[in-house]
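Engineer: The lines below spell out each chain.
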Amino acid sequence: MSRIETADVVVIGAGIIGAACAEALSAAGMRVLVVDRGAPAGGTTAGGEGNVLLSDKAPGPELDLAVASRRRWPELIESLRAELGDEVARVEWEPKGGLVVASDRDAMGPLSILAEAQRAVGVEAVDLTPGEARAMEPYLTEDIAGAVHYPGDAQLQPVLAATAMLAAVRARGGEVRGWTEARGLVFDGSGRVAGVRIGDETIGCGAVVNACGPWAGHFSVAAGAPIEVLPRRGMVLVTAPLPHVVGRKVYAADYVAAVASSHVDLQVSAVVESTATGTVLIGSSRQRVGFDEALQVEVLRRLARSAVKLFPVLAGVPVMRTYGGFRPYTPDHLPVIGEDPRFAGLWHASGHEGAGIGLAPATGRLLADLMCGREPEVDPARFRVDRPAVMAEVRT
Amino acid sequence: MRRIVVIGAGPAGMAAASAAALHGVEVVLVDAGAKLGGQYFRQDALAPGDRFKLPSNVEHVANAAVWAIEPVDGGHRVHLRVGPADGPARRGRAVEARALVLATGAYDRALPFPGWDLPGVYTAGAAQALAKGQGVAVGDRVVVGGTGPFLLPVAASLIGVGARVVEVAEANAAVTGWLVNPVGALAGWSKSGELVRHAGTLARHRVPYRSRTAVIEAHGSECVESVTVARLDALWNPVPGSERRLEADAVTVGFGFTPQLELALAARCRVEDGFVVVDAAQGTSAPGVFAAGELTGIGGADLAASEGTVAGAAAAKFVGAAVEPPVRAMARVRSGRRFAAALNAAYPVRSGWHDWLRDDTIVCRCEEVTKRALFRAVDERDVGGVRSLKLVSGAGLGLCQGRVCGRNVAELVGVDGTGFAKRPIASPIRLAELAEEEPVETPVDAEESGRALGVEY
Ligand SMILES: Cc1cc2nc3c(=O)[nH]c(=O)nc-3n(C[C@H](O)[C@H](O)[C@H](O)COP(=O)(O)OP(=O)(O)OC[C@H]3O[C@@H](n4cnc5c(N)ncnc54)[C@H](O)[C@@H]3O)c2cc1C
Ligand SMILES: Cc1cc2nc3c(=O)[nH]c(=O)nc-3n(C[C@H](O)[C@H](O)[C@H](O)COP(=O)(O)OP(=O)(O)OC[C@H]3O[C@@H](n4cnc5c(N)ncnc54)[C@H](O)[C@@H]3O)c2cc1C
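Which chain is which? The protein sequence lines are A and B, in order.
For the first sequence, numbering that gives the first Met the number 0 gives the first residue as 0, with consecutive numbering after it.
For the second sequence, numbering that gives the first Met the number 0 gives the first residue as 0, with consecutive numbering after it.
Treat the hints as calculated values from the structure; they're not laboratory data.
Remember, predicted model here, so these are calculated numbers, not experimental data.
Only true hints are included.
Straight-line Cα separation of at most 16 Å, EDC-like style, residue types lysine to aspartate or glutamate; simulated pairs:
{"hint": "1", "chain 1": "A", "residue 1": "308", "chain 2": "B", "residue 2": "432"}
{"hint": "2", "chain 1": "A", "residue 1": "308", "chain 2": "B", "residue 2": "435"}
{"hint": "3", "chain 1": "B", "residue 1": "421", "chain 2": "A", "residue 2": "292"}
{"hint": "4", "chain 1": "A", "residue 1": "308", "chain 2": "A", "residue 2": "142"}
Given only the sequences and the hints, what does the whole structure look like? Please build it.
Structural biologist: If you want it as structure tokens, here you go:
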């Protein structure tokens, strides 16, 4: 493959968000170079799960983006299959639906209210009695007050999905370059982005996308246009492969509260799901500890407890593995997607926190729409860069 | 009293525990096995008594799997489950210590070849353990393949339990110079005359020992019925036309050793070329963490024990005991390492094995990943790191967590394999066990913790 010397767009970061942006941009005919300082799809995207969820989002801009993304995923996979073949387009997509469980009456109230609000904006959410819930998930604990079924929730394997989109970028004449760190930008006389500094080299380009995930804040500083993106640590447990125990994605209603909260302290509420190989994934914790990777047994313990509480049969099942990553979050818990007001040609696509896998294709498309001057499908206003939560200078 | 924790009760761990105890330090010596001794001195688990005796201030915790190491202020917390691995009643324990000695050893490496996933193919270590521990032979007619002096005791043990060893296939050339014959090499590896006697056993039983030869395929429908051996060139490519078919119902393979790195990685010790990096005091890059034995390099039981003595003394010094440098053990370590380097240079693993595989040969047994699927994943998805490689190919994601396939897959694909050894959960733990609170034993001198000095001689 030839090395690109100049590109229309350089995407920095080959995680699922960078991959989705590059896919959408190359589909719009742009020549795209994607660089990653590590292995492509080896960052947060390889350290999380692959839930594509509507259920955990209250009506608002993130749910709008999620709905657009949920619609887009199967179309995108289909078009990748047509373009690249079955093998590359294999991303373990499973539209299996989700089940949110309220362990007691106290949890049932807020869950019903959320489901009602979601229905009002068109999300399919079916209230279930404990008996109906257990009929769907026979191994579920008997100790529940009720549940809501979300047929729209789905799952895929994030690294397969990201690498499939990157393969499409290459097939369209773009390039993906691993082990290549972007160190800063160069500008033309008018202050417009003219290139990216990569080591001692400068790659000329018309636009740059900062898709550095939890490190997007770092890169924005190096680029001279700081935005506020911070890491929120999460851990996942993986069991040994099991015969079928868990059908859908099943999680406790308090998960929604944990997702939306800004607490520094550890929060754990399990999302339990099976994967294509029969292992059960138990995720995930939320904790603000910077980029500290040290193992904390207490976190694993609490994950184990909440999983066994949902599925008592899992008690005797061995855990083979644990892994984790750092979710990129912004102080107002909304992604940043758009052009930086300080430098024309600098774009950001980051801050997707615990939903980047689900939100990737709509993010890529929104960014491409904005860059190409097309009418966006999703209202970009709430994701703009110059909002107080994201741009330090605006905040005052 | 000051406490250190030693993990692994092989030659290295036992020596470390003794050396530290000698300096008045309280030692908790943890091992997954039922008895002291580790791999080489493996004892019959069911026989009464123990061959080894340690000082009274060493608490030997047997049948104890360390499943996690967690950094805490001024040291580490070692999490164990105590009790038979598959039993229902393992107890949790968490022991804190300011200094750790890691002596978790190594396990033997199997290279894949067509048919290696058939029943009847064993790692040399497994065959040896069955023979030594339970008096069981893995087959009636056994071919012993691989490389290194270690093939001989395996063959001898098999003969000892009544198997017929059809052939010993050594993939490297016959060594020259002072390592001239495998018996000599063994004599250097361990002072034990027992090994030399084993080699005599092979000669008496007229077992052919062929160098530059390897088992490149195993055949059979349900289990191994025969194998193909071939001559190898210097890079381990089979010499065309040299193939021979041998009847056998079992094969053992051993291509050197892979250190058991997960706890060292969990404690954030620096690893280079697959081994933990240590200084002259066996100190790792992590303050208060020392490593000894096969973790730091493959060099046999005597070198492991000498390193253990040095590490135990340094750990005792680290927690405040008055310790003179153990100069004699340090000298033995230096000469042992020279010998080990020569030995390892004489028995390398050459890349020709990559071509023993066919497209449909399984490279990861747990997830049944073939060579074709592995390369497809790499080529079509262009992944460059272990984390993404595992997730796109499935290799290393199964029950063994890459212990068997990790190094082989990394070598085939051309990435650094250390990532396969990142296993923050070092041995499987049931969800209910994980959910349980464990009593935490803090160091007796916890108040004076926080000392982060290295040990220098
Ligand atoms: C435990 C856990 C569970 C999760 N579960 C889910 C889930 O079920 N569903 C869901 O939708 N989301 C989930 N997420 C969140 C999801 O993983 C993230 O939102 C998503 O992966 C973010 O993708 P990204 O591309 O922005 O970041 P990343 O994947 O981290 O990609 C950023 C890339 O940028 C590179 N980079 C950084 N700096 C530079 C530089 N200067 N130069 C070059 N390259 C650079 C990095 O190497 C990295 O590869 C989970 C996250 C965690 C941690
Ligand atoms: C089958 C076999 C035959 C050999 N034959 C010879 C020979 O003839 N001559 C010779 O000199 N050398 C021989 N060796 C090599 C010899 O075994 C090693 O040189 C020596 O045992 C290394 O000592 P060690 O203390 O480093 O590790 P080991 O003896 O391997 O001890 C490591 C110990 O750590 C324990 N451990 C590891 N991880 C954990 C954990 N997470 N929790 C709890 N415990 C843990 C293990 O149970 C084990 O007991 C042989 C090796 C094998 C495998």
